[in-house]
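Engineer: For reference, the chains in residue letters:
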Amino acid sequence: MSARATAAVPSPDVWRASQARRRWSGWLFYGLAVVSTMMGLVMLGALLFDIFTDGARQVDWHFLSNYPSRIADNAGLRSALLGSLWMLAFTAIIAFPLGVGAAIYLEEYAPDNWLTRFIQLNIANLAGVPSIVYGLLGLGLFVRWLALGRVVLAGSMTMALLILPLIIVASREAIRAVPDSLREGSYALGATRWQMVRQTVLPSAAGGILTGTILALARAIGETAPLITIGALTYVAFDPNGPLDIFTVLPIQIFNWVSLPQKEFHSLAAGGIVVLLVVLLTANSLAVYLRYRMQRRLQ
Amino acid sequence: MNNWRSAPRAQPTADAAAHQPDGFELASSRRDSLRRKLVERSVHVVLFLCAVISILTTTGIVITLLGETIQFFGEVPIVDFLTGTRWTPLFASKSFGVLPLVNGTIVVALVAIVVAVPIGLLTAIFLSEFAPARLRSVVKPILEVLAGIPTVVYGYFALQFVTPILRGIFPQTQIFNVASAGIVMGFMILPMMASISEDALRAVPRDLREGAFALGATRFEVVSRVVVPGALSGILAAVILSISRAIGETMIVAIAAGLQPQMGFDLLRSMETMTAYIVQVSLGDTPQGGIEFRTIFAVGTLLFVMTLVMNLLSDLLVRRYREAYE
Amino acid sequence: MINLRIDTRASDVAVSPSENGQSDVILMTRNLNFWYGNTLVLENIDCDVRPREVTAIIGPSGCGKSTFLRCFNRMNELIPTARIAGSVVFRNRDIYDRAVDPVEVRRQVGMVFQKPNPFPKSIYDNVAYGPRVNGYKGDMDEAVETSLKRAALWDEVKDDLKKSGLALSGGQQQRLCIARALAVQPDVLLMDEPCSALDPIATTRIEDLIRELREQLTIIIVTHNMQQAARISDRTAFFTVAESGAGTLVEFNDTQQLFTTPSDERTEAYITGRFG
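Protein chains in written order, with our numbering: chain A, 6 to 304; chain B, 703 to 1028; chain C, 382 to 657.
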């Protein structure tokens, strides 16, 4: 056997040749990896550039304060902005307590049994359900069965269910990051479980929970399909004034303009997108800032 | 408040009976204790109900979808629905074969996967194996931005930016076409593909890599023969999840891929996906309660089942690689 | 979640004041057995703790000292698989009795942990935490001040009570935790290796403090440092790992006697091995 092994050892020349090929293929691969990573970044750059060159000049006070119109020059985002705001407010009011409550339950209360595991499985799967299916749920459950109609509240409830898994996952992570020594310290002083959670865990996890909630709400601002499905309108020329008014939202208005054949409306769509992206950027910056502050406080 | 002075037990308490908790101002009466227990109990129940919402949501989805779908199959035989190749529920001569929609969905998803999987995987390899920590901490969040952009924005981008380029290269390209929607969707999915693959690559233990390096392997060989095979189930999970996401994606296809149910694989033509069909009906003035209206629930059910199966499968794969290495 | 099964056989143990002179025993355990899952961690511990004394618990690591300490304020039941049998009697009352609220126990039996664990709140709020959760309605400023004084921390922090507890040094943090525990006016203070994370100077201050507090309350301290046990305690309990793998109480005696003339050879081996 050893004789065989010796015989199999290639001559130095062969080594050198394969060495060169190996080095060459290594560099090729590295180059491919770099180029691939660049592609994602380049695409993002192209997208932002395309939209801002088309849309930035659209954005002015008239654009923000006018109702949509059949005449492109007069058209604006007013009702869509207000609709998004109303929808967002009620989504937050519904989703935040439910999401944080569920996270607290799963981290601090839930026994390790089949029901808990079933709840967790449900949350994991709900996070992967296509958003348009939530739209069908909202249409069947809130619009028709509860007979709310195509109003802000129906949209908010649908959106709340959609972002609930996101809030729960983020809040659970924040709660899990609170060290057990604080829980023990609290219990040792005679705190009940809820006192411990409310006065020790929640203050420490607040930054993470808020960050997660803001990111989830940002997702809700950009969602279009479920609201189209529950029947949010595409043309609203009045202010929605409460949860029971019919409404449209920013992305639906954008969709509406993109779908029109005239070029002027495409520029309006780009303008709407600029506004939408600025709103999202603000929300994300806020979340990043909160995370940063929370990290500093824990140190 | 005398009892707060530093020697609360100055008086001798030899008698056992006097061993009541001495001078507590702190609430410890039976009534307080009962009230506290009541609060604890109610909080527990309320929090539990919050958690149960997730089960109710799933149940709600299933009931809503199935309720309408069962009625739909009362009028259209399920076999016709699943095997028919003509989808014209909104026309006078109605036909309910869902395959054109499925065809459109799968073709768009395939284009997206062909874009997202190689680029995403290579990005993941670059980030986990090659990039220095500082570069990684800059590139990753920027890529995450791609995932945070609303899909309606991608739709605009596909229609206004990618489609004209495609038409420049292939003049026969239709305004609404599968290729443009699929490519852009691929970039939308890219961050998810990259991030899940990267997690899987990083889960491959260091000593495996070091063992290979010690044998004189180049970095490329370590990656291609040790790390990627070791992370294969995780990468597969990422691919499946990407497909699932592509199938469920709505706005890009509704804007850029058109609304014509077709069979076939011509990427430069317009096709309609399942999700785009639901949007089409929702936007129109289809009367609620009719057969046309029920079609969206039937299509929705099919969509839900397809994505659910894929999500469960990917979950299973992720669990497998976690078990293998943790 | 609290899945402790109490073996009530132990309540037959005579705990009447007449029999064993209750004024001399504030806490006692009888036939105490403790499991994590199926692993027996403590086996048949009988132990009497006298009021207003410092009782030290020593022994090799893994002998269940901390687990034993945590039996006195029911902290163990926060661990899901924990199970206890036997009785722990605090002032004639079995604290594992079904009718006893663990929250009530923990208010009367305070605890200080190995690593200082102040809450990420101000010094004031750290001390006020206990009184607040227990519904204290008196003058909170006074309660905070008195507690900080008792923990010999007042002079160092009185000018910035609003400062975060985490901004203090390790030794100060630990004294803050002691002040926090004292603020609910416990009768017993459990200390789980309170100096193991501290430098020698901070350790000396805590030991001085323990000697002062001894006048006012009962202290049970787990320590891995035998010199410390000798310096501060009145009585010492020596635990070791029995052949079964469970922790067991070998010898419990006056500190001086235990260190100079141990009656059990295992005790002797341990203390000479460490001292010599």
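Quick caveat, the hints were computed from the structure, so don't treat them as lab data.
A couple of the hints might just be wrong.
When the alpha-carbon atoms are kept at most 25 Å apart in a straight line, the in silico DMTMM-like pairs for lysine to aspartate or glutamate are as follows [as the list claims (entries may be wrong)]:
#1 B:Lys739 x A:Glu113
#2 B:Lys796 x B:Asp1017
#3 B:Lys842 x A:Glu178
#4 B:Lys739 x A:Glu178
#5 B:Lys796 x B:Glu777
Since this is a predicted model, take the numbers as computed values, not measurements.
Engineer: Next step is simple, just say for each hint if it's right about the structure.
Structural biologist: Results of checking the hints against the structure:
For the given pair, Lys739 (chain B) sits about 17 Å from Glu113 (chain A) by alpha-carbon distance, which is consistent with the 25 Å threshold. Pair hint Lys796 (chain B) plus Asp1017 (chain B) does not hold up; C-alpha atoms about 39 Å apart against a cutoff of 25 Å. Taking the CA atoms of Lys842 (chain B) and Glu178 (chain A), the gap is near 20 Å; set against the 25 Å cutoff, the hint holds. Annotation: proposed proximity of Lys739 (chain B) to Glu178 (chain A) is violated, straight-line Cα distance about 28 Å (limit 25 Å).
A distance of roughly 12 Å separates the Cα atoms of Lys796 (chain B) and Glu777 (chain B); the hinted pair therefore holds under the 25 Å criterion.
Consistency with the previously given hints fails for numbers 2, 4, ordered from lowest to highest.
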